[in-house]
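Enquirer: Line by line, the protein sequences are chains A and B. All you need for our numbering is the position in the first sequence, starting with 1, plus 339. All you need for our numbering is the position in the second sequence, starting with 1, plus 339.
In case anyone wonders, no lab produced these hints; they're calculated from the structure. Where hints are given, some of them may not hold.
[Said to hold, decoys possible] From the derived model, a few chain B residues whose C-beta atoms are all more than 10 Å from chain A:
{"#": "1", "residue": "Lys349"}
{"#": "2", "residue": "Asp362"}
{"#": "3", "residue": "Thr363"}
{"#": "4", "residue": "Glu364"}
{"#": "5", "residue": "Ala392"}
{"#": "6", "residue": "Thr393"}
{"#": "7", "residue": "Tyr396"}
{"#": "8", "residue": "Val400"}
{"#": "9", "residue": "Glu401"}
{"#": "10", "residue": "Arg403"}
{"#": "11", "residue": "Arg416"}
{"#": "12", "residue": "Arg427"}
{"#": "13", "residue": "Asp446"}
{"#": "14", "residue": "Leu461"}
{"#": "15", "residue": "Glu489"}
{"#": "16", "residue": "Arg492"}
[To be verified] Here are the simulated SDA-like cross-link-like pairs (lysine to any residue), alpha carbons at most 20 Å apart as the crow flies:
{"#": "17", "chain 1": "B", "residue 1": "Lys342", "chain 2": "A", "residue 2": "Glu489"}
{"#": "18", "chain 1": "A", "residue 1": "Lys381", "chain 2": "B", "residue 2": "Gly345"}
{"#": "19", "chain 1": "A", "residue 1": "Lys341", "chain 2": "B", "residue 2": "Thr438"}
{"#": "20", "chain 1": "B", "residue 1": "Lys366", "chain 2": "B", "residue 2": "Ile423"}
{"#": "21", "chain 1": "A", "residue 1": "Lys525", "chain 2": "B", "residue 2": "Ala433"}
[What the hints assert, rightly or not] If you want the footprint, here are the derived chain B segments under chain A, 3+ residues with CB under 8 Å:
{"#": "22", "region": "375-389"}
{"#": "23", "region": "430-444"}
{"#": "24", "region": "471-478"}
{"#": "25", "region": "498-510"}
Glycine included, C-beta positions come from ideal geometry on N, C-alpha and C.
Number of protein chains: 2
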Amino acid sequence: MKKSVGNREKLFPCPVWVIGTYDTEGKPNLMTVAWGGIVSSKPASVCISIREATHSYGSIVERRAFTVNVPRADQTREADFAGIASGRDTDKFAASGLTPIRAEHVDAPLIDEFPISIECELTHTVPIGLHTLFVGEIRDVKADESILDEKDRPLIAKVKPPIWAPAELAYYSTGEFIGAGLAIGKDLVEK
Amino acid sequence: MKKSVGNREKLFPCPVWVIGTYDTEGKPNLMTVAWGGIVSSKPASVCISIREATHSYGSIVERRAFTVNVPRADQTREADFAGIASGRDTDKFAASGLTPIRAEHVDAPLIDEFPISIECELTHTVPIGLHTLFVGEIRDVKADESILDEKDRPLIAKVKPPIWAPAELAYYSTGEFIGAGLAIGKDLVEK
Chain A
340 MKKSVGNREK LFPCPVWVIG TYDTEGKPNL MTVAWGGIVS SKPASVCISI
390 REATHSYGSI VERRAFTVNV PRADQTREAD FAGIASGRDT DKFAASGLTP
440 IRAEHVDAPL IDEFPISIEC ELTHTVPIGL HTLFVGEIRD VKADESILDE
490 KDRPLIAKVK PPIWAPAELA YYSTGEFIGA GLAIGKDLVE K
Chain B
340 MKKSVGNREK LFPCPVWVIG TYDTEGKPNL MTVAWGGIVS SKPASVCISI
390 REATHSYGSI VERRAFTVNV PRADQTREAD FAGIASGRDT DKFAASGLTP
440 IRAEHVDAPL IDEFPISIEC ELTHTVPIGL HTLFVGEIRD VKADESILDE
490 KDRPLIAKVK PPIWAPAELA YYSTGEFIGA GLAIGKDLVE K
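Chain A with its partners taken away, still in its complex shape (with noise of 0.2 Å):
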């Protein structure tokens, strides 16, 4: 039995990406969201959404830029981190052990240790409230090849990337294999 229990953003799940940036005096930055998700496939598009207050959003603003780092679980302390402290007086990449390498095709940078990076250009800029929604096209990924199948698909089992639970304000772990995509629906589709 299904009861009201008002109108936050009680659902899941959400991510947890590590937004990289370049600030107006070019000093790296990161920032932790679990707003956002991907928006579209051509072109591909994802969509992150940051409070104006903050030290990135202008940064994004600025330079038009942005990358979506993806952490293993293991790097979940680091991510976690990102999302506490404040890139106007803390160096976030020194104070977490994390390294900014420029980005091959934006203007921002990468974070070095993290499995994957997602370089994206800034497209679209949607005020929503408390939160502004960038929408950032997608101009290249970067994967450690140690998470890449022989396809070069990053694998979701070797990163196990952090989720976020926004009502409980706590991440878990990816889990187990459940099934194919657009496969194990398809006995309903000949009922």
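Since the structure of chain A is provided, determine the placement of chain B on it from the hints.
Expert: Frame of chain A, contents of chain B only:
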């Protein structure tokens, strides 16, 4: 060592959300999306991206409403089916054995059997290439009492929602608790 693997959507985790709509004739329909996420805390809002060619697209534009329904791991088959068949020629509720319930606050149907259903009112429509991004303001969350804690928070461990890995076209389950958010990275702040 990272290598370039092209400009496709090779990142994760993505949600598996089943979208409920009424079509022009008032028939309830379902469609599964992996392109989407939370996009603002205030007003709490989600986005989903779907192709204009889908039956659901016209329904959302006309009714200015949709629901987001979160499956349990053991409902992944029904979710997969709703992503394969088209509402133009299939009654997806009937074929999958799911029950439409009229939402309380918006003009769209909830899935009775799924543990979480979110009632959304369309607020923004942003075409992004092949897909159109719809932002919906959350008007209410309905959750099964069996998955709630004493503060009416839905617990991800009781739902274990499937997670989509786009490059692999595969579903994975939600795994174990990693740690508390805005907490496990705090020791790095004090460095």
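Enquirer: With reference to the structure, classify each hint as holding or not holding.
Expert: Outcome of the hint check:
{"no.": "1", "hint": "Lys349", "verdict": "5 Å, violated"}
{"no.": "2", "hint": "Asp362", "verdict": "19 Å, holds"}
{"no.": "3", "hint": "Thr363", "verdict": "23 Å, holds"}
{"no.": "4", "hint": "Glu364", "verdict": "22 Å, holds"}
{"no.": "5", "hint": "Ala392", "verdict": "13 Å, holds"}
{"no.": "6", "hint": "Thr393", "verdict": "13 Å, holds"}
{"no.": "7", "hint": "Tyr396", "verdict": "14 Å, holds"}
{"no.": "8", "hint": "Val400", "verdict": "17 Å, holds"}
{"no.": "9", "hint": "Glu401", "verdict": "22 Å, holds"}
{"no.": "10", "hint": "Arg403", "verdict": "16 Å, holds"}
{"no.": "11", "hint": "Arg416", "verdict": "5 Å, violated"}
{"no.": "12", "hint": "Arg427", "verdict": "14 Å, holds"}
{"no.": "13", "hint": "Asp446", "verdict": "17 Å, holds"}
{"no.": "14", "hint": "Leu461", "verdict": "12 Å, holds"}
{"no.": "15", "hint": "Glu489", "verdict": "12 Å, holds"}
{"no.": "16", "hint": "Arg492", "verdict": "4 Å, violated"}
{"no.": "17", "hint": "Lys342(B) to Glu489(A)", "verdict": "13 Å, holds"}
{"no.": "18", "hint": "Lys381(A) to Gly345(B)", "verdict": "13 Å, holds"}
{"no.": "19", "hint": "Lys341(A) to Thr438(B)", "verdict": "13 Å, holds"}
{"no.": "20", "hint": "Lys366(B) to Ile423(B)", "verdict": "18 Å, holds"}
{"no.": "21", "hint": "Lys525(A) to Ala433(B)", "verdict": "15 Å, holds"}
{"no.": "22", "hint": "375-389", "verdict": "holds (count 13)"}
{"no.": "23", "hint": "430-444", "verdict": "holds (count 3)"}
{"no.": "24", "hint": "471-478", "verdict": "holds (count 4)"}
{"no.": "25", "hint": "498-510", "verdict": "holds (count 13)"}
Hint compliance for this structure: hints 1, 11 and 16 are not met, and every other hint is.
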